[in-house]
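Generate coordinates for the entire structure from the input sequences, incorporating the hints supplied.
From first to last, the protein sequence lines are chains S and Y. The numbering of the first sequence is our numbering, which starts it at 470 and goes up by one. The numbering of the second sequence is our numbering, which starts it at 470 and goes up by one.
Worth flagging that the hints you see were computed from the coordinates, not collected in a lab. Fair warning: this is a prediction, and the values are worked out from it, not measured in the lab. It cannot be assumed that every hint is accurate.
Treat identical chains as interchangeable: a pair holds within one or across any two.
List time: in silico DSBU-like cross-link candidates among lysine-lysine, alpha-carbon distance up to 30 Å [said to hold, decoys possible]:
{"no.": "1", "residue 1": "Lys706", "residue 2": "Lys595"}
{"no.": "2", "residue 1": "Lys592", "residue 2": "Lys548"}
{"no.": "3", "residue 1": "Lys684", "residue 2": "Lys706"}
2 protein chains.
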Amino acid sequence: MNWCRYQDGDQVVYGIIDGDTVRAAIGSPFEGGFATGEPRPLSDVSLRLPCIPPTFYAAGANYRAHLAWAAENLGGSGKAPPRADIGYRANNSLVAHGENIVIPRDSSGVVQVEGELAAVIGKTVKHLTPENALDCVLGYTIGNDVSERTWQSSDRTLWRAKNTDTFNPMGPWITSGLDPEALEVTTRINGVEASRYQTKDMIFSLVNFLVETTKYVTLYAGDVMWMGCDGETPVIKAGDVVEIEIPEIGVLRNPVVRG
Amino acid sequence: MNWCRYQDGDQVVYGIIDGDTVRAAIGSPFEGGFATGEPRPLSDVSLRLPCIPPTFYAAGANYRAHLAWAAENLGGSGKAPPRADIGYRANNSLVAHGENIVIPRDSSGVVQVEGELAAVIGKTVKHLTPENALDCVLGYTIGNDVSERTWQSSDRTLWRAKNTDTFNPMGPWITSGLDPEALEVTTRINGVEASRYQTKDMIFSLVNFLVETTKYVTLYAGDVMWMGCDGETPVIKAGDVVEIEIPEIGVLRNPVVRG
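Here is the structure:
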């Protein structure tokens with residue numbers, strides 16, 4: 470099932486997608502919502518963020534080929550972290566499918582994209598076990614962790630390198646019923662493939678992150694956990710269009726402009 | 470004016486405090502809310518978090534004596550950061566005035582408290598200037614950035630060291646009309662003073678953080694920015710009661726228990 474959020478007049482509503490159509494929902498996917506009303510063409514609606522996370526978690530360094538690339542290009546040891554220590558991104562940086570990625574005018578460095586699988590938490594949970602961890606996941610969407618590499622090296626925190634407004638596109642919608650370790654993530658710049666990797670190559674699995682994180686932290690409905698990316702990370706510049714595709718979910722597409 | 474949030478039957482409502490009484494509000498402080506109904510004794514209501522931040526910002530290292538202390542006790546250079554690079558905390562860790570700080574059973578390290586001034590943003594803003602920056606601040610509350618020092622040293626991120634559930638008490642309410650650089654922050658453990666410092670000693674002022682952050686980041690109503698703490702940070706253990714006082718605001722009091 471695919472849950473989305475879209476603009477309906479002056480309201481943002483949840484909807485359930487069926488093929489090329491969408492039907493407005495009563496309630497949200499987090500409280501047993503269900504579809505109602507007439508189907509309308511999906512192409513007629515303006516998609517919004519599929520959820521607004523109470524907390525926005527990010528695995529960060531979680532694939533070996535990306536660590537090796539980062540060690541060569543950004544510094545760092547290239548070694549895998551010893552434990553599944555979760556990190557964070559900030560909500561101000563989220564934009565929906567179709568919205569612009571805006572590179573600030575004073576960015577003088579390289580800006581790159583990191584296409585990622587993102588898990589959407591469906592309910593309040595703590596102390597998950599390997600056996601029940603995935604039961605809290607409502608579904609999966611796609612994230613693009615846009616990164617300004619000069620600021621990533623120079624700043625004390627990742628605040629502007631990875632959390633500048635518009636630097637975290639997420640969408641297009643939430644798809645349930647997937648195996649998070651059996652997906653392929655492809656990034657295209659202006660229609661040309663620039664990166665492709667398999668989520669089976671994660672260093673720490675989603676189950677591992679969920680179990681470790683919830684030893685200390687309660688997860689809530691709508692929280693998202695982005696799982697990191699593998700390999701090289703393509704450069705973007707104003708005028709480009711970035712697409713991240715996970716075929717079982719769809720395509721997250723965002724144009725790039727200069728601020 | 471003091472704005473609070475409290476439990477009223479099965480609802481959490483905003484209220485306006487007048488001396489020892491509180492009156493329920495229509496609307497929130499972020500949308501021109503105003504007091505209504507009869508005053509009731511403040512001691513009769515159960516306070517909740519004064520707001521739920523869309524994003525929870527934290528200045529981190531922002532006082533010289535704390536940097537010197539941290540260099541000696543946690544490692545680090547002791548040097549002031551070159552710029553006002555903001556950091557983050559996570560909403561799961563917030564608890565209200567009066568709620569327990571729960572030290573996880575498997576914490577084998579020292580747990581300490583950091584009493585802080587916290588600014589509450591009142592409206593959507595970007596590109597603030599030194600002249601207008603403080604106009605976006607609705608008021609101020611008190612934060613206690615509880616820190617597990619072993620995890621702070623061992624982990625790749627601050628996730629459990631500073632964001633374990635209950636590790637960020639905030640309250641008791643929001644007070645408007647204050648000068649953020651003219652306040653004194655006192656920490657008491659079981660009624661005994663353990664730390665005292667002046668907010669005039671901040672390395673980067675709130676104005677500086679607001680101007681720098683909003684070059685890249687939009688702030689929203691309800692966002693909070695915690696300003697760091699100075700000097701030593703008192704140790705807590707199960708059975709203690711921690712009080713952080715800023716006289717112009719009030720006292721944030723939380724008991725400590727073991728998980």
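State whether the alpha carbon distance between Lys592 and Lys548 is at most 30 Å within one copy, between copies, both, or neither.
Result: close neither inside a copy nor across copies, 34 Å intra and 43 Å inter.
If the cut is 30 Å between Cα atoms, do Lys706 and Lys595 qualify within a copy, between copies, both or neither?
between (41 Å within a copy, 23 Å between copies)
When no copy is specified for Lys684 and Lys706, does a C-alpha distance of 30 Å or less occur within a copy, between copies, both, or neither?
between (41 Å within a copy, 20 Å between copies)
Comparing the model with each numbered hint stated earlier shows that hint 2 is the single one that does not hold.
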